[in-house]
Every structure is written in structure tokens, then in C-alpha cells.
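Enquirer: The primary structure of each chain is shown beneath.
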Amino acid sequence: MPAETFLVAAALLPFLGSVAAALLPRDARNAAALLAGVVTLASLACIGALYARVSAGPVVWILDWLPTLGVGLTLRLDGLAWLFAVLVLAIGALVVLYARYYMSAQDPVPRLFSFLLAFVGAMLGIVLAGNLIQLVVFWELTSVFSFLLIGYWYDNRAARDGARMALTITALGGLCLLVGMILVGRIVGSYDLSVVLASGDAIRSSPLYLPALVLILMAALTKSAQFPFHIWLPRAMAAPTPISAYLHSATMVKAGIFLMIRLWPVLAETDAWYWIVGTAGMATMLVGAWSAIFQHDLKGLLAYSTISHLGLITLLLGLNSPLAVVAAIFHTVNHATFKASLFMAAGIIDHETGTRDMRRLSGLWRAMPHTATLAMVAAAAMAGVPLLNGFLSKEMFLSEAVDNVGDHPVQLALPVLATVASAFTVLYSLRFIRQTFFGAAPHDLPKAPHEPVRWMRLPIEVLVLACIAVGLVPNLTIGPALLVAARAVFGGATPDYDLAIWHGVNAALALSMGALAGGVGLYLAFGRRINNNPRGGPWLMHRLDGGWMFERAMTGLVRGARWLEGALGATRLQAQLRTLFLVALIAGLSAVLAGGPAAVPSVPLTGIDPAFALLWLVGGACAVGAAERAKYHRLSAVILTGGAGLVGSLTFVWLSAPDLAVTQLLVEIVTTVLLLLGLRWLPKRDEAIVAPPDETRRARRRRLTDLVVAAAVGTGLAGLAYAVMTRPAPEGIARWFIEAAYPQAGGRNVVNVLLVDFRAFDTLGEISVLGIVGLTVFALLRRFRPAADSLERPRQQLRQEAADRAHADRAVGDTATDAMLIPAVVITWLFPFVCVLALHLFLRGHDLPGGGFAAGIALTIAFVLQYMAHGAQWVEERLRIRPIAWIGVGLLVAGVAGAVPWLFGRPFLTAAFQYAEVPVLGKIPVASAVAFDLGVVVLVVGASVLMLVALARQSLRRAREAAVEQDSRLETRA
Amino acid sequence: MEIVLSLGIGVFAASGVWLLLRPRTFQVALGLSLLAYAVNLFIFAMGRLKVGAPPVLESGTDAAGIADPVPQALVLTALVISFALTALFLVVLLAARGVTGSDHVDGQEPGQETGQGKPSQREPGR
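Chains Z and A supply the protein sequences, listed in that same order. Under the UniProt record's numbering, the first residue of the first sequence is numbered 1, with each subsequent residue one higher. Under the UniProt record's numbering, the first residue of the second sequence is numbered 1, with each subsequent residue one higher.
Mixed in with the good hints there might be a few duds.
Partner residues are not named here, just some residues of chain Z that face chain A (Cβ under 10 Å, in silico) [stated by the list, open to error]:
1. Leu387
2. Leu640
3. Gly678
4. Val724
5. Val751
6. Leu951
7. Ala952
Heads up, simulated SDA-like pairs for lysine to any residue below, C-alpha to C-alpha not over 20 Å straight-line [claimed, not checked]:
8. Z/Lys631 / A/Leu7
9. A/Lys50 / Z/Ile733
10. Z/Lys684 / A/Gly98
11. A/Lys50 / Z/Lys684
12. Z/Lys684 / A/Val92
Calculated directly from the structure, the hints in this document are not laboratory data. In this text the structure is predicted, and so the values were computed from the model without any measurement. C-beta: ideal position from N, C-alpha, C; glycine also.
Pulled out of the complex, with its shape left as it was, chain Z reads as follows (with noise of 0.2 Å):
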């Protein structure tokens, strides 16, 4: 099997086990965890086989999406890559065994091992991501599948509190984090990893340089809970304890670490980056330290311990040094080994005792010797005892701050605060294993102590070995990874460095000794007093409460939103259209200034037809004549708009466009009748709304205000129009299309060639559109509830069955019918004509004036006109009218048109043309388009009389709905 295929297995698996833990029923604990452990270690396996594979050179799996714009999916796995994917994937597989015996019988442990997949998965992402975008989207995916784990036990307000602020934090960081990458991108030219990791030079000589450093860092710096934005790690221990574990110690905190070593080479050995990261990391280092000592809770000490490794690392990485980054990429690895099982040790401690209170606890070791045994093992790693994998990269370390003293006097200090976080790592590894284990008995604990299940244990077991292993044989444990990991950050420029557990007397051993000794006799100095702390915080720290920054932030940033939305916002529509207006009126005038003094014109003008000066002084008056009676006079206005339109409808003909007559022509005579349709259920004039004077007054100055936005609107759009007209056109696409539309497409109406052929998926995304709003508006009309005050029928209806009423000789509804009785006959003779007028625009459509549009709209008015004639009841026992089916099956016409190319190797709605020999009507070209212009004739139809159908037959059910409540209350009353 390829290498790709072991990459993109590895990379998939844990999505997918993620997809089919979720749908495991609610109580299947042992299935979804049999589930995520496979599925972890294949995936382990996968990345594993790699090795050989990784240490010769990265391997890189591509698949194109849209390769002109270089977006795709990349995975590339090289050194690095496979060090932390390991990492991920081992210690994974170790959580999901202890997961399964920590998690109650009665929680919902599927959904924790979904989305802890679905973490592995996201994560894997991170790693394995060969493009800087798809970088960003794992990386947010991790901060949306730690918000969703910490948040596991949601009816605690502690766990939504922190899953929330651990959200808020990380994804702010995230956003940073894309707005980095693609000022990276940028300036590199291109999204992909390989190029940007050999355009050191250009980014970093780039004036784009500082803000896109400071935004990637703030991404990671969030991400790995940096100071100050550290306050969300303590909080998101509210998770259940293998998640903290694994996210919040082992993971996804590292995912910052692993941006920074991963654009290393191309960010660092600058003074921007020594100075944010280093002291960044500094700072971090000391007050997590220095918080840790006087934590109670044991997760709280772990929390706050792991923030200052993490500072530690991000110091190393600060130093521009690269064997300082070896050290890193080391102590990155063992702290995962040691603080996941000190982890699992105080989870397993939890469990079985029922507190996690160091000051309740003591003298556990009795009780559990095993675990006693384990989580000191752990913790003297943390500390750096030698021996152990902790001392190695401690050391490490402590000689990187020995030998990165500059000549600034702040540096000078590197190296003794370096050994005071280490003395104090010391204290609080040693106050953890004295108040826990050693003392007194344990006595009033919520439950008695005992050791676990041997299967919890287990992950413990391999953790501590594997501190011990590399602790004593580095060489053969982690070295050959280390090496390959080091080699992908610096290529050829490695360091050289040696992993030995002795290294003669130097400067860095008596620091670790020093620290070692520091943080002992410190213990016994402040061990007491530290329990018996009263103000609970840490010492001098006690009033830096982060928890109360951030709330404070949060409501700042609420009621700021507030304030703006007050300010800015304005919840009626016509404030807004207003302000819409003037915007665009603004705009268009700065642009129009902006531009300079006008041009001369220098186009002949086509003279002026006084006929047409006449026509559109009706227009004019029509348009105006609307605006001013719609609000009183609704018929009339809806018949000045049609003239209006109408007017319109001639300038096109005038103006040589008579597939745009015709449709205007149309589209006026159904848009007037919906418009009609739509009258009755509008309120009557209330002359009860009489406004005060005042009102009235201000009602003045709104309206001449609107008055003038209206008429500098008008102006502006005649004067930007007459600008255009009188300029000459510049050399467009209109040339190609008409020289190409009989050739190409064998029509010769260049307007529907477009339509139908040139520019083909626009025309499906408008057909679209129109079923969609079609459904829409008969969905709205199945629920409509008229106002109270339309429910009563027209006033003319009531009189004329007054008088059908009133004589003896007619029945009710006669007057109605007698006054349609002639133009009823007409218009039913005038259906067949109306269909063959529809069949001819469409068929001539494609070389004369006509097309789907026109005819399915003509078709429409067909249809309408015999519901107007005879009311739907008559026309719908004589015709099926089946509109819903029609937009279905006009969408699928167009579609599967659109799709034949395909079956020929063309792309999507590729046409066709041939002419055919059809007796009668001659030789007419027969276009692979003229079967999508007739999917577009089918669903017009089917949305337009959709529509008209559904308004007008409001009335009717009204009526029956009137009648049958007549009937019900005359029941009732008999």
C-alpha cells in the first residue's frame, strides 16, 4: 500500500469512528470505547508504518479543489508531523482505556468518546496540515471540540462557565490566527506549507512582517494558555479528568507550542519574536509556578503546573536558539508522558476517595501503594529529578538559559529566574506527593481509599514507564524520533546536540541541584503556612482575579455592543431605509467627485423622437401619479404601475430589445393580477388614525425630508444614466457573444443564446430561485391568517347576493356570474390561442424574439385568465393543474439537461446543435438548449401560477371556512 494511503487512513479514521461513536445508543460505555481505542490505534498504526517513510523526507498527499486559487486539501506528514501525531494518537489510546473505567455507568459516554475522536481527528489536522488554511479550520475545530468537552457535564455551571471562556479565549486566538495566515500567504504568494517554510527570508523581511507575527501569536499564545490569557486552563478542569488529561495537559495546549515550532524557521531569530515569546513565555513560567504552590484542588496544581511548562517551552522557543528548540520539542514530549499520568493518578484519587482537596487528603499511600508509587515516579519526572525523562529536558533547558544570557540587563536575569520556576516546580511536585500520599491516616473521606481496577491503572503503568525509559536510555527511546523531529524544523542546519543523562560538572547541573535543593528546603520552610493559606489565592496574586477580568470583559464588550446597537442601530424600516439611501447617495457623489471634471461626450447621439419624448411623459406621469395614490388609492396606483411598466415595455421596443418587450410586456399583465389578487386584504382607509399636531408637524418634515432623498436619488441615477449614454462603450464581452452565438450555438437570437446556452447556470440559479420563492409564498399562504378587519367579504359581494336575494328569480351569485357571462366566453376561447402563442415564443426563441421566459409566462396568463373568468372551482373540474409537480419536474428538465454533457466527457450544461427536417413546420435547428429552455418554460409556469393560483384562492377558503362555522354555531344552537 502507498504511503498516502497509510496519511490519509490515519487522518480519516478518527472522523469517522467520531460519526459512528455518536450514533452508539446512550448506555453502549464499553462499545464506544472498544470503538475510539481501535480506532486510535489503527490510526496509530497508520502513522507508525510511516516512520521509515518520514525520516527520508516528508510525505504529502494532495487533493485539488480548486487549483487555480490553490485551495485543496493538503496532508503532509514529515518528522515533526509524526512526533507530535504519535504523541496524540498514543496517549489517546492510553485516555480512551482510562476514560472507560473514570466515566460512570450513567453519563452518556458515547457522546465523550465522539467527540474526543472528533478531537483526535481535528487535532491529527493541525499536525498533519500541509496548507496554513486548512491549518486555521482544525485549529478552530479543536477550540469548538474543547469547548464541547469541557461543557461534557452541561448542567454544572461550572463546566458551561469554563467550556465558555475557554471557547471565548482559543477561538479569539483563532480568528487572529487566519488573519495571520493570510498576510503570511500574502506575502509568501501561496497557502502551501512547503513553500512558506523555505520563504523565511521574504516574510521576515516583510513590512507585513510584525502584524502578522503578533496575530499568529496571539493564536498561539491563547491556544497553549499563555500569560495573561492563561486564566482559561484552571477553569476548563471543570472537564471530566481524562479530558483534562489529554486536552488540557498532553494536546491541544501543545497545539500553540506546535504552530510556534512549526513556523519556527520562517517567524523566529528575530527581536519581535525573542521579546513577545520570551517573556511571554517567561511570565508564564513564574506565575504558573508561583500559582501552583498554593493550589488545593489537585487538578488546580496540575493546571496551574502545566501552564508554567508551557511557559517554559514557549521560553525555550523564545530564545532564537535552535538547540533551545530541541529542548523544546523534547520537554514538549515528556511533559505530555509525566503530567497525563499525574493526571490519570489524581482522576484515579478522585474516584475512589471522593475529594481532590489536598488538605483533606493524607496519607493515601496505604490505602493505594501502587498508584502512591506511580504518580511520585510522575512527579518526581515533573520536578526533574534525575533519572527521569524530566531532569533530561530540564537541564536542557537550564543550560539554554545559561548559555542565552545577552548583554541586555534584563537578560541577565534569565538564568536565576529559570531556577527559581525550577525550585518552585519542585515545591509544589513535593507538596503534592507529602499531602497525598504521606502523613496521618486519611480519615472523614467521602469514600474509603482503595486501589482501582487494574485496567485504570494500566495507562498510568506505560505513561511512568515510558518517563523512566527515556529518562535512563534517551538514546534508544526518543532519540532517533527526536532527531528526525528536529531535522524537519532546520533541515540541514540541525544542531548538534547530545541526550545523555551526564555531562560532566557544569553550570547547568548545579542549577537543576540548586533548584532541586531550593525547592525542597523551601517546602519545609512554607509547607504549613501554604496549607493553612487564608486568603485561598496565591501570595502577593490574590488580587489579580482573571476569572472576574474576563466576566468584566465580557460585560464590557455586551453592554459596548449595546451601546453601539442603541447608537447606530434603528429598528424601523424606514429609518433604515433612509439611512440606506443616503449611504448610496454619498457613495455614488464621492465617487462622481472623486472622479474629476466630466469628459467631453463624443458619441453621436440618437436624436430625439418627439413620440417618444411623449411616451415618457406619460411614464413619468404614471410613475408619479402612483407614488402619490398608493397610499390611499391602491387600484388606481397598482394601475398607474402598470403603465408605468408598460412604458417600459414600449422603450424596449423602441430601443431594439424585443425579447425584453415581450417578457416586460408579460410579466406587467401576472404582476398586475397578483397585485390585485392581493387588494382585498388590505385595511380599508382608518379615519380613526388621526394624528396629533405635533405628529402632524413632524410628519411634514419626515415626508419633505424623504421628498428630497427621493428626488436626489432620481437625479442622481438620470445623471449617472446620461453620463453613460453620452460616453462611448468600451470594447466588452457583447462582441465575442454575438459573433460566436450562430457558430457556437446555432442561434441567432443572441439574447436567448446567452440565456440558454452561453450563460446557462445562471439561468438554472434563477429558475431556482423562482421555485424556491413559488414554494415559499405557497407555504406563507397555507398558514395565512388574514387580518380580523378583511375577513368579512367585499361590500359589492354582500350587495349583489343582496339582490340575487331579493328577486325571486335569481339565485345567489347569478349578478357575478352574468357580469363575466360574455367576457367568460371570450376568454375561454381565447385559452387554445393563448397556448399556441406560448409554443411559438418558446420555439422561435432561440432565433427570434421569444424564449422560455416569455412562453412559460404567456402559459401562466393563459391559466390565469380562466381562473379569472370562471373562478377556481370551475377551472380546476375541468383542468388539472398540478403546480408544485411543474416547478419539480421544470427543475429536473433543466437539470438533467444540464447533465447530459456529462455521460460525453463535456462539463456541466455543455449544448449541442443540429438542424432537424420536421414536416410542417420545415427545418428547425433542434439546440441541446432548447430542452433547457423548455425546463425553464415548465417551472416558470409552475411558480407563477403556484403563486397566483394560492392568493386567489384565499378567498375561497375563507368563505368556506365562513360557512362551516355558520353551520357549526347553527348546530350548537339546535
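Guided by the hints, dock chain A onto chain Z, whose structure is given.
Expert: Relative to chain Z, chain A alone:
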């Protein structure tokens, strides 16, 4: 012709904008129609005006002499879409009037918002 058409576009647009700024939904519906006419004509005019030269090819047609088909194709689809828009808007305004009892664009008469908090003034179940 250019001056007449641009004035016409201006008058249509002004009437449309005026109606869009009115408080009654039906006025807004008509305003939308009028503004759509204006904009369609405007887009059409971007292809410059030609009399008696439709973009229909016959033998011997001069490609440079006929009207620009591109704006025409754009407007043709726009015509149908504006019909759909008018229909949707009309139905939404009718439904909104049924729900709120008012044909004001804000769903309530301008004087009423002070009483918004009082449940008695709002119809139950709507």
C-alpha cells in the same frame, strides 16, 4: 433619446424611492416595482441606445451595429426575478398584516410602541 430616457429613469427611481420610504407596506411593494423598472432600464441603458438594431442575427448583420445583448440578457432574468420578488413581498406583507393586525412597515402603528410592554394591548396567541 438619451436625455429623455435618463430623465425617465430618474422619475421612476424617485417615485420608487419615495414609496419605499412610506410607512404602509403596500406603498413599499409598489415602490419596489417602480424602482425595479428604473434599475432595469438603467442596466439596459448601460449597453447604449440603438434604434432598429435588435441583437438578432440575420445574414449580413454587422456585429458592431446591433444592440449590446449582454445587458439585455441581464435585464431579462431581472424582470422575472422582480416578479418573484413582488409576489413574495406581497404575500409576506399580507401575512404580516394578519399576524400583527397592522399594515405599517414596522408591524405596529407609530404611536403604539409605548404600549408594547403591556400584554393587554397585544392580541393573545399571536
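Enquirer: Next, verify each hint and record whether it holds.
Expert: To see whether the hints hold, each was checked on the structure:
For the restraint placing Z/Leu387 at the interface with chain A, the shortest Cβ-Cβ distance is roughly 73 Å, beyond the 10 Å limit, so the hint is violated. A least Cβ separation of about 9 Å between Z/Leu640 and chain A falls short of the 10 Å threshold, and the interface hint therefore holds. A hinted interface residue such as Z/Gly678 counts as satisfied when its beta carbon comes closer than 10 Å to some beta carbon of chain A; here the least separation is about 5 Å, so the hint holds. At about 6 Å, the closest approach between the beta carbon of Z/Val724 and any beta carbon in chain A falls short of 10 Å, and the interface hint on this residue holds.
Nearest Cβ of chain A to the Cβ of Z/Val751: about 5 Å, under the 10 Å cut. The hint holds. With a cut of 10 Å, the hint placing Z/Leu951 at the interface with chain A holds, because the nearest CB-to-CB distance is about 7 Å. Of the supplied interface hints, the one on Z/Ala952 is violated, with its beta-carbon coming no nearer than about 12 Å to a beta-carbon of chain A, more than 10 Å. The suggested pairing of Z/Lys631 with A/Leu7 is violated, with an alpha-carbon distance near 25 Å, which exceeds 20 Å.
Annotation: proposed proximity of A/Lys50 to Z/Ile733 holds, straight-line Cα distance about 17 Å (limit 20 Å). With a C-alpha separation of about 14 Å, the suggested pairing of Z/Lys684 with A/Gly98 holds against the 20 Å cut-off. As the CA atoms of A/Lys50 and Z/Lys684 are separated by approximately 46 Å, the hinted pair breaks the 20 Å bound. At roughly 19 Å between alpha-carbon atoms, Z/Lys684 and A/Val92 fall within 20 Å of each other, so this suggested pair holds.
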